[in-house]
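Colleague: Here are the chains, one letter per residue:
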Amino acid sequence: MKRSFKDDFNMMAMLLIPIAVAVNLVGFQLANVLRLPIFLDTIGTILVGVIAGPWVALLAGLITNLINAIFNPVYLPYALTSMAIGVGAGYLSKHGFFKNIPKTIVSGIVITLIAVIVSAPITVLVFGGATGNTSSLITATFLASGQELWTAVFSSSFITEVADKVVSVLIVYFIVKGMSDRYLSKLNYGHLYMKRKNKK
Amino acid sequence: MKHNFLLRLHPMTKFYFSLFILGIVLILPGYAVAFSIFPFLILIALLAGVSKEFLSIVLKALLSVLIIVFIMQMFFYPGENILWEWGFLQIKQEGLNYGLLLTSRILAIGSAFILFFRMTEVRDFVKSLEDKGLPPMGAYVVLSTLQIIPEMRRQANTIMEAQKTRGVETEGSLLVRAKAFIPTLTPLILSSIAGTEERAITLESRAFSAPVKKTSLHQLTKSGADQVLPIVYVIIFVALLIWRFFL
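Taken in sequence, the protein lines are chains R and E. Residues 108 to 307 in the numbering used here are what the first sequence spells out, letter by letter. Residues 38 to 284 in the numbering used here are what the second sequence spells out, letter by letter.
Hint data in this document are derived by calculation from the structure and do not stem from the laboratory. Be aware that one or more of the hints could be misleading.
[What the hints assert, rightly or not] Counterexamples of contact, computed for chain E against chain R with all Cβ distances above 12 Å:
{"no.": "1", "residue": "Leu65"}
{"no.": "2", "residue": "Lys97"}
{"no.": "3", "residue": "Thr182"}
{"no.": "4", "residue": "Ile272"}
{"no.": "5", "residue": "Phe274"}
[Stated by the list, open to error] Not the full set, but computed from the structure, chain E residues with beta-carbon under 8 Å of chain R:
{"no.": "6", "residue": "Ser181"}
{"no.": "7", "residue": "Arg203"}
{"no.": "8", "residue": "Ser229"}
Each residue gets a CB set at the ideal place from its N, CA and C atoms; glycine is no exception.
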């Protein structure tokens with residue numbers, strides 16, 4: 108089935124965006140309350156990518172960062188990262204990468220790579236290599252041991268991102284599994300995850 | 038009705054001002070100008086009567102980033118002129134300069150945008166974007182997101198309390214705390230998603246996606262200052278560009 112760019116934006120998909128943004132923010136807050144060492148702030152974006160497609164997820168990622176930027180402008184440049192994560196998750200879902208646990212873990216690693224490749228240049232060019240989260244400490248350690256700035260930022264952000272993204276995609280996998288067929292049938296990519304296979 | 042002249046300006050006028058600051062900071066060399074923009078922004082915040090919130094958000098959001106960025110550049114930026122040395126730590130003149138440049142830019146640009154959102158209601162800003170051609174659906178998505186976030190926070194707390202009552206542990210080792218995450222988040226997401234169907238029906242019954250021009254109860258007006266100020270920004274910006282690159 109061929110889909111055009113515009114087909115992705117139906118009413119249900121658009122109404123999913125506010126939920127996704129709120130899930131991103133609340134997930135981050137919950138991770139803080141439970142004092143987990145990871146951020147879990149992209150669950151909503153990935154979820155939208157999986158069930159509503161890459162372009163809707165791009166918008167969800169963008170809006171998440173715009174709203175975060177109202178209170179902390181440091182998040183603004185990272186809108187690019189969120190958007191890339193959304194598009195990545197959407198395309199992976201299109202090719203059936205969220206159908207079982209091993210494939211989901213693979214897509215988690217792919218999403219980590221996307222996140223690192225997009226966010227490391229932002230960290231280096233806009234903030235000179237550090238923004239004050241946990242990965243800054245690792246970056247500083249790498250730099251002190253004599254590594255180049257770019258290598259240090261890439262490797263430290265990979266270390267902090269990989270656990271975060273793999274856990275996030277697994278949570279998304281279980282949430283999609285818990286959705287009803289009736290709901291999934293209303294979303295563009297939902298038919299991929301319906302339990303009763305329709306004849307397509 | 039807002040009585041303050043600055044607060045009454047059209048959202049776009051204020052938004053262009055933030056972009057204007059961004060432009061100035063990026064084209065001008067050195068950190069002196071960029072740092073001097075900050076007191077100027079404080080002055081605007083004082084005149085608009087939002088200085089308290091403005092300063093507290095700047096402190097909360099930017100201070101830690103500025104300190105860390107500065108320390109990183111001071112110690113790790115490559116350079117020749119060593120000012121101070123202790124073991125493997127070296128402070129270099131080049132690093133000090135680059136650190137000051139970077140922090141001055143982050144401070145000026147970051148606080149310009151913080152000031153913008155302290156002086157403008159998001160509702161007005163979205164409305165002005167809609168006037169500029171943002172589809173009504175986009176405006177709806179942004180505004181409903183802002184409403185959903187606090188609602189969902191409350192719901193998350195409720196679910197967490199409920200799960201604690203039935204014996205889900207939220208204190209203890211890392212694994213125990215991590216295990217509490219899923220039984221809180223999954224019901225939250227599934228229940229909020231169930232609500233989208235009702236919302237879609239409500240919107241459709243009000244002809245939300247009908248392909249006609251919509252009228253709005255919320256109107257924004259442009260005063261004389263809103264006509265003049267953007268032109269002033271452009272003139273100053275172009276003058277600075279010419280001064281920087283041609284003189």
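Colleague: Against this structure, judge whether each hint is valid.
Modeller: The hints, checked one at a time:
At roughly 17 Å from the closest C-beta of chain R, the C-beta of Leu65 of chain E stays outside 12 Å, upholding its exclusion from the interface. Listed as outside the interface, Lys97 of chain E is inconsistent with that label: its C-beta sits roughly 8 Å from the nearest C-beta of chain R, within the 12 Å cut-off. Not every beta carbon of chain R lies more than 12 Å from that of Thr182 of chain E, the smallest distance being close to 4 Å; the non-interface claim is violated. Under the 12 Å C-beta cut-off, the non-interface status given to Ile272 of chain E relative to chain R holds; the minimum distance is some 26 Å.
With a least CB separation of 21 Å from chain R, Phe274 of chain E remains clear of the 12 Å interface cut-off, as annotated. Given the 8 Å rule on beta carbons, the hint for Ser181 of chain E holds: about 5 Å separates it from the nearest Cβ of chain R. Here the hint on Arg203 of chain E is broken, as its CB sits about 17 Å from the closest CB of chain R, past 8 Å. The restraint placing Ser229 of chain E at the interface with chain R holds, with a minimum CB-CB distance near 5 Å, inside the 8 Å limit.
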